[in-house]
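Peer 1: Let's have the full structure, built from the sequences with the hints guiding it.
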Amino acid sequence: VQPVESGGGLVQPGGSLRLSCVASGGLFGINSMAWYRQAPGKQREEVARITGERSPNHADSVKGRFTISRDNAKNTVYLQMNSLKVEDTAVYYCYVVDVRDFDYWGQGTQVTVSS
Numbered sequence: 143v144q145p146v147e148s149g150g151g152l153v154q155p156g157g158s159l160r161l162s163c164v165a166s167g168g169l170f171g172i173n174s175m176a177w178y179r180q181a182p183g184k185q186r187e188e189v190a191r192i193t194g195e196r197s198p199n200h201a202d203s204v205k206g207r208f209t210i211s212r213d214n215a216k217n218t219v220y221l222q223m224n225s226l227k228v229e230d231t232a233v234y235y236c237y238v239v240d241v242r243d244f245d246y247w248g249q250g251t252q253v254t255v256s257s
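Using the numbering used here, read the sequence shown as starting at 143 and increasing by one per residue.
Rather than coming from a laboratory, the hints here were simulated on the basis of the structure.
For clarity, every value in this text was computed on a predicted model and none was experimentally measured.
One or more hints might be untrue.
Stated by the list, open to error - Simulated DEER-style distance windows between Cβ atoms:
id : residue 1 : residue 2 : range
1  : GLY194    : TRP247    : 19 to 25 Å
2  : PHE244    : GLY206    : 30 to 36 Å
3  : SER211    : ARG242    : 20 to 26 Å
4  : ALA215    : GLN185    : 30 to 36 Å
Don't be surprised by glycine CBs; every beta carbon is placed ideally from N, CA and C.
Peer 2: Now the structure itself:
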């Protein structure tokens, strides 16, 4: 499985972006899909996760602003980011776990929030 992210870019504070991640190439089903981010000088942190048919989880720092969703037929996960803040600036990574519990990382996409 190779997750490939897209949708990053430069946006002003208060703006919106939508990230997409397509997980292609796997022969086995996907269990969970998640978004992580890593800002300069900080550890990578989980932003949101969606597993099977369960309700998605969002980090407290993004609740009410970010929404994760998934299209199982397309093996795609999305992250809708609204009301972006300067502190949301980071490289955003897609993380996929298949039904065998093998995990995969995308290459990352830069999100910069700046006026």
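Peer 1: For each hint, tell me whether it holds in the structure or not.
Peer 2: Hints, one by one, checked against the model:
no.: 1; hint: GLY194 <-> TRP247: 19 to 25 Å; result: holds (20 Å)
no.: 2; hint: PHE244 <-> GLY206: 30 to 36 Å; result: holds (33 Å)
no.: 3; hint: SER211 <-> ARG242: 20 to 26 Å; result: holds (24 Å)
no.: 4; hint: ALA215 <-> GLN185: 30 to 36 Å; result: holds (34 Å)
The structure meets every hint from the earlier list without exception.
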